[in-house]
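Chemist: Sequence:
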Amino acid sequence: MEPRPFLILHALRVTRATLGRYVGHDVRMLYAVIPAGGSGTRLWPLSRAGHPKFLHPLTGTSASLLQATVERLAPLTTPDRTLVVTGAAHVAAVARQLTVLPEENILVEPSPRDSCAAIALAAAVIATRDPNAVMGSFAADHLIRDTDSWVCTVQEAVRGAEQGLLMTVGITPTRAETGYGYLETGDPTEGVPWRQVAEFKEKPAAEVAEAYVRSGRHLWNASMFVWRVDVFLAELARQQPALHAGVAAIAAAWGTPEQDDVLGAIWPTLPKISVDYAVMEGAATAGRVATVPGDFGWNDVGDFHTLGDVLPTDDAGNVVLGTEAKPGVLLRDSSNLVVVPQSGRLVAVLGLRDLIVVDTPDAVLVCPRDRAQDVKTLVDELKERGEEGYV
Numbered sequence: 001m002e003p004r005p006f007l008i009l010h011a012l013r014v015t016r017a018t019l020g021r022y023v024g025h026d027v028r029m030l031y032a033v034i035p036a037g038g039s040g041t042r043l044w045p046l047s048r049a050g051h052p053k054f055l056h057p058l059t060g061t062s063a064s065l066l067q068a069t070v071e072r073l074a075p076l077t078t079p080d081r082t083l084v085v086t087g088a089a090h091v092a093a094v095a096r097q098l099t100v101l102p103e104e105n106i107l108v109e110p111s112p113r114d115s116c117a118a119i120a121l122a123a124a125v126i127a128t129r130d131p132n133a134v135m136g137s138f139a140a141d142h143l144i145r146d147t148d149s150w151v152c153t154v155q156e157a158v159r160g161a162e163q164g165l166l167m168t169v170g171i172t173p174t175r176a177e178t179g180y181g182y183l184e185t186g187d188p189t190e191g192v193p194w195r196q197v198a199e200f201k202e203k204p205a206a207e208v209a210e211a212y213v214r215s216g217r218h219l220w221n222a223s224m225f226v227w228r229v230d231v232f233l234a235e236l237a238r239q240q241p242a243l244h245a246g247v248a249a250i251a252a253a254w255g256t257p258e259q260d261d262v263l264g265a266i267w268p269t270l271p272k273i274s275v276d277y278a279v280m281e282g283a284a285t286a287g288r289v290a291t292v293p294g295d296f297g298w299n300d301v302g303d304f305h306t307l308g309d310v311l312p313t314d315d316a317g318n319v320v321l322g323t324e325a326k327p328g329v330l331l332r333d334s335s336n337l338v339v340v341p342q343s344g345r346l347v348a349v350l351g352l353r354d355l356i357v358v359d360t361p362d363a364v365l366v367c368p369r370d371r372a373q374d375v376k377t378l379v380d381e382l383k384e385r386g387e388e389g390y391v
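Just so you know, the sequence shown maps onto residues 1 to 391 in UniProt numbering.
Derived by calculation from the structure, the hints in this document are not laboratory data. Being a predicted model, the structure only gives us computed values, none of them experimental. All residues carry an ideal CB built from backbone N, CA and C; glycine is no exception. Some clues are possibly wrong.
Stated by the list, open to error - Result set (DMTMM-like, lysine to aspartate or glutamate): computed pairs, CA atoms no more than 25 Å apart in a straight line:
1. K201 with D374
2. K201 with D114
3. K203 with D276
4. K201 with D300
5. K376 with D309
6. K201 with E184
7. K376 with D295
8. K201 with E281
9. K376 with D260
10. K272 with E388
11. K203 with E162
12. K203 with D309
13. K201 with E388
14. K272 with D295
15. K203 with E388
16. K272 with D260
17. K272 with E202
18. K203 with D362
19. K272 with D309
20. K272 with D114
21. K376 with D362
22. K376 with E184
23. K272 with E384
24. K203 with E190
25. K203 with D295
26. K383 with D370
27. K272 with D370
Unchecked claim - What follows is a set of in silico ranges between Cβ atoms, one per label pair, in the way DEER data are often shown:
28. A286 with G344: 29 to 35 Å
29. T189 with A92: 43 to 49 Å
30. D80 with I273: 17 to 23 Å
31. P188 with D146: 18 to 24 Å
32. E103 with P268: 20 to 26 Å
33. A49 with G216: 39 to 45 Å
Hey, can you work out the whole structure from these sequences and the hints?
Modeler: Here you go:
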C-alpha cells in the first residue's frame, strides 16, 4: 500500500491548543510507542508472517490498521514522539506506510522476544531523550470506533501516570468474553477517574467470564499502557533485572556506530515474556497499577468473525473486504458472510450463510464463522507439515 500524504498534514497540525479541545487544559504530549509484531494466525491466509495483519487495510477504509493507529494518536502526540517497534522483516513496509515518522523512530527487534522486550527497549530509548517522559504503548492492530472518547480516556491515564502510577486503559465489557484477559479493579473513588488494579486475570471459562461481567469490578485488558518511563524502568529493574540491564545497555549504544553490534549481542539473551507477566502483574500486587475504564468501541481484530461484527455490512449482513478488487465478488441468496477477495479471481457464493471465504493467490479458506478462532490450528498444522511457504 502506498503511504497516504494526508497523514503527514494531519499529524503536523496537532498543537497544544488542539489538545485543549479534548482535555480542557494544557497537558504534556505523550511519547507514543506502537508495538507492531505477530503474524495474526487467526486471519490466515490473508495475514502471513511476512505481511501480518497490522499492514492490511482491515479498517473498512483504505488505511491499514497501523496507519489508523498513527492517525488516532495525532491528538495526543507528534510524529517525532511516535515510535514503532517491529521486526526486521517488516521495517521496509512500515516505513512505506508511515512516511510521517522519522527514520530513527522505527526501532528494529532482530527477533521476537514478546512484548516486554519490545516495550522496554522503546522506554529505554525514550528515557535517553527525555528522562521524565510519559509514554503510552498502543498495539498496531486495534480498531477504535469513538476516537474522541478514546483520546479523553488516554488523557486521564496520562494524569495518573504523572502521579507515578503504572496506568492501563481498561475496556468496559459488553459481553462475557472468554477470549480476553481481565483486570480486577477496586471500588471507584469519587472524583477520581481511575481505579486501582487488584489483579490481572487470565482468559476465563464462560461461567467465570459471566461472573466477572456481573461483578462490575472487571474490565477487559486491552494491553494499552501509560506510564512515566522512569517509573516503568524502575519497576522493570525490580522485577526483571536481567531484562532491564540488557535494554539499558542497548539504549546506551542507540544511535552510535556500536548500535547494531550491541543489539545483536544482547537481544537474543533477553527473556521472552509479555509485559503483563513480567511487570504489570507484580506491580499490581504491590499496589502500583491503576486503570481508566473506557467505552469507545474497542476491538482487537482477532479473527474474521470479529471483522464481520465490526465492519459495515450490506443489507444481508455480508462484509466484503477490498471491494475495489476486480472482478470482485458475486453474492446471491447469501447472508452473514465475510468475504476477502485477494487473488484477482471472481469469488461467487450462492445460497450460503454464516461463512468465511478468503481467496488469496496461493490459498483459499472456507469455514463457518463460529469456527473462526480455530483457523490458527490450520497454521499450526502447516508448520508441522513443513509447509512454511503458506505461513
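Chemist: Evaluate each hint against the coordinates.
Modeler: Hints and how they fare:
no., hint, verdict
1, K201 with D374, "23 Å, holds"
2, K201 with D114, "19 Å, holds"
3, K203 with D276, "13 Å, holds"
4, K201 with D300, "18 Å, holds"
5, K376 with D309, "19 Å, holds"
6, K201 with E184, "7 Å, holds"
7, K376 with D295, "29 Å, violated"
8, K201 with E281, "9 Å, holds"
9, K376 with D260, "34 Å, violated"
10, K272 with E388, "23 Å, holds"
11, K203 with E162, "30 Å, violated"
12, K203 with D309, "21 Å, holds"
13, K201 with E388, "34 Å, violated"
14, K272 with D295, "32 Å, violated"
15, K203 with E388, "29 Å, violated"
16, K272 with D260, "20 Å, holds"
17, K272 with E202, "18 Å, holds"
18, K203 with D362, "34 Å, violated"
19, K272 with D309, "33 Å, violated"
20, K272 with D114, "5 Å, holds"
21, K376 with D362, "17 Å, holds"
22, K376 with E184, "29 Å, violated"
23, K272 with E384, "22 Å, holds"
24, K203 with E190, "30 Å, violated"
25, K203 with D295, "20 Å, holds"
26, K383 with D370, "24 Å, holds"
27, K272 with D370, "32 Å, violated"
28, A286 with G344: 29 to 35 Å, "55 Å, violated"
29, T189 with A92: 43 to 49 Å, "48 Å, holds"
30, D80 with I273: 17 to 23 Å, "30 Å, violated"
31, P188 with D146: 18 to 24 Å, "21 Å, holds"
32, E103 with P268: 20 to 26 Å, "24 Å, holds"
33, A49 with G216: 39 to 45 Å, "41 Å, holds"
Violation of the numbered hints given earlier is confined to hints 7, 9, 11, 13, 14, 15, 18, 19, 22, 24, 27, 28, 30; the remaining hints are satisfied by the structure.
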